[in-house]
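These protein sequence lines are chains Y and U, in that order. If you're matching positions, the first sequence starts at 1 in the numbering used here and goes up one per residue. If you're matching positions, the second sequence starts at 197 in the numbering used here and goes up one per residue.
Simulated from the structure, these hints should not be mistaken for lab results. Think of the CB as a built atom: it goes at the ideal place given N, C-alpha and C, for glycine as much as any other residue. Fair warning: there could be bad hints in the mix.
[Stated by the list, open to error] What follows is a set of in silico ranges between Cβ atoms, one per label pair, in the way DEER data are often shown:
(1) 175(Y) / 453(U): 51 to 59 Å
(2) 212(U) / 74(Y): 30 to 38 Å
(3) 95(Y) / 370(U): 42 to 50 Å
(4) 61(Y) / 332(U): 21 to 29 Å
(5) 60(Y) / 322(U): 43 to 51 Å
(6) 286(U) / 60(Y): 35 to 43 Å
(7) 74(Y) / 347(U): 30 to 38 Å
(8) 456(U) / 93(Y): 33 to 41 Å
(9) 400(U) / 30(Y): 37 to 45 Å
(10) 388(U) / 93(Y): 50 to 58 Å
(11) 339(U) / 56(Y): 37 to 45 Å
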Amino acid sequence: MEKNKRVTNCKVVIIGGSAGSLQALLQILPFVEKPVSFAIVIVVHRKHSDEQTLESLIALKSKVIVKDVEDKVKLESGYIYIAPSNYHLLFERNETLSLDTSEKINYSRPSIDVSFESAAEIYGDQLVGILLSGSNSDGTVGLKAIQTAGGITVVQNPLSAEMSFMPNNAILHTHPDYILSTDEILEFLKDINKEE
Amino acid sequence: MIEDIELETLINDVYEYYGFDFGSYSRASLKRRVNRVFYLDGFKDFPDFLSKVRTDPEYCKRMIDEITVNVTEMFRDPSFYLTLRKEILPLLGTKPFIRIWHAGCSTGEEVYSMAIMLKEAGLLHKSILYATDINTTVLETAKSGIFPLRMIKDYADNYRDSGGQQDFSDYYIANYGFAKFNESLSEKMVFSQHNLVSDTSFNEFDLILCRNVLIYFDNNLQKRVVNLFDDSLAVLGFLALGTKETIKYSISQTKYKQFAKEKIWRKIKE
Ligand SMILES: C[S@@+](CC[C@H](N)C(=O)[O-])C[C@H]1O[C@@H](n2cnc3c(N)ncnc32)[C@H](O)[C@@H]1O
Numbered sequence: 001m002e003k004n005k006r007v008t009n010c011k012v013v014i015i016g017g018s019a020g021s022l023q024a025l026l027q028i029l030p031f032v033e034k035p036v037s038f039a040i041v042i043v044v045h046r047k048h049s050d051e052q053t054l055e056s057l058i059a060l061k062s063k064v065i066v067k068d069v070e071d072k073v074k075l076e077s078g079y080i081y082i083a084p085s086n087y088h089l090l091f092e093r094n095e096t097l098s099l100d101t102s103e104k105i106n107y108s109r110p111s112i113d114v115s116f117e118s119a120a121e122i123y124g125d126q127l128v129g130i131l132l133s134g135s136n137s138d139g140t141v142g143l144k145a146i147q148t149a150g151g152i153t154v155v156q157n158p159l160s161a162e163m164s165f166m167p168n169n170a171i172l173h174t175h176p177d178y179i180l181s182t183d184e185i186l187e188f189l190k191d192i193n194k195e196e
Numbered sequence: 197m198i199e200d201i202e203l204e205t206l207i208n209d210v211y212e213y214y215g216f217d218f219g220s221y222s223r224a225s226l227k228r229r230v231n232r233v234f235y236l237d238g239f240k241d242f243p244d245f246l247s248k249v250r251t252d253p254e255y256c257k258r259m260i261d262e263i264t265v266n267v268t269e270m271f272r273d274p275s276f277y278l279t280l281r282k283e284i285l286p287l288l289g290t291k292p293f294i295r296i297w298h299a300g301c302s303t304g305e306e307v308y309s310m311a312i313m314l315k316e317a318g319l320l321h322k323s324i325l326y327a328t329d330i331n332t333t334v335l336e337t338a339k340s341g342i343f344p345l346r347m348i349k350d351y352a353d354n355y356r357d358s359g360g361q362q363d364f365s366d367y368y369i370a371n372y373g374f375a376k377f378n379e380s381l382s383e384k385m386v387f388s389q390h391n392l393v394s395d396t397s398f399n400e401f402d403l404i405l406c407r408n409v410l411i412y413f414d415n416n417l418q419k420r421v422v423n424l425f426d427d428s429l430a431v432l433g434f435l436a437l438g439t440k441e442t443i444k445y446s447i448s449q450t451k452y453k454q455f456a457k458e459k460i461w462r463k464i465k466e
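In isolation and in its complexed conformation, chain Y is listed as follows (with noise of 0.2 Å):
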């Protein structure tokens, strides 16, 4: 581990990723135990057409919930949402979640950068960003915007990922707090999670 910022009062954990990122979720997500003290958001670049795949497949693996997204779901602690294909996933103050159609940033909607900017906003200190593997540029400017807002950045260790790209640009560019493999960020998650 980096540095050790203590994480404290942790209520969303936001998980980018795009190329590669799904096995590196199926890595950590089956293995979170229930209940966690904090919401786990999941916001992955995809095909249109896998629309409903992603969601069976982590719902299928893991024991936390996953809740489906509709535009302004309240968003709890102790569940699992993930942005769904085609629209941008945004955090409004009165803790629901809203989509949007806007066009598409880094060739990309759902974007990470647009999602973690909004989640930073609202969340400030008690978000922790994690970005995983892929093969582009997004997500970078996000963790910025968590890190300025005084929250935790976690970056998936490139070398453990399948595409490093991602996490690479990520990593020249912030100074994440973590750089962890798959089995580090589970216990990472494991550590702040409150119920334990």
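Following the hints, complete the assembly by docking chain U with the ligand onto the known chain Y.
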């Protein structure tokens, strides 16, 4: 990023000076949009931006055009259109006259998609399509029926996935990077400005489409707008929303029955 308080000041001023009320828009998206136009137009100082909006009606119009999200497609979500084609249109087809309202139609791709399906079902001649939006600039594009040619391949794929069997290229003429859709499709369309926040019901409809518009509104405004649709819908008429939108929080579920798996509800009583 602009500050929350600056955004609230802008919202108040736009309402006071021009009567457009963005007070019930979802803040997360609205803030990004305002921020975007602020930087796009080269402002450095929020007060400068604010005073430009206050004193220059042309600029205020531009700002409103820019903060509304107008991204749209033809046959967006093909399975939705497939359900319209296979299940809803045959039910509407039994009526002597079909009235449809596209609320928040943006540049009109959705309206032309509907006209194509009505034509193929042999219903266009007895239909009327009202298409409205708050943004008059997009309505001009919608009226012209001219869309960028580079999108056409995706639209043709969507068309096919939505059950279309004709040659999609028969519906437009390609020229200089644009596709102009046939006038026979637009004959039954009526475009006009209508603000869902402040304008009232103007007709009774058999089908209302309002897709990916409610996501920009907070729960209260969503409720008001769904009730406006309720006032504008004939009994046994249909209301269609975007794939991630719902009327669940807005209106009594005893009045509406969800249709198939799509975001289509049928009004079952007055
Ligand atoms: C994302 S587009 C939806 C286009 C199309 N219905 C679709 O689903 O592809 C949203 C549209 O809603 C319009 N809109 C926003 N606020 C509105 C209001 N208060 N009244 C009417 N239209 C509004 C915007 O101008 C924009 O064109």
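Going back to the hint list, which numbers does this structure go against? 4, 9 and 10
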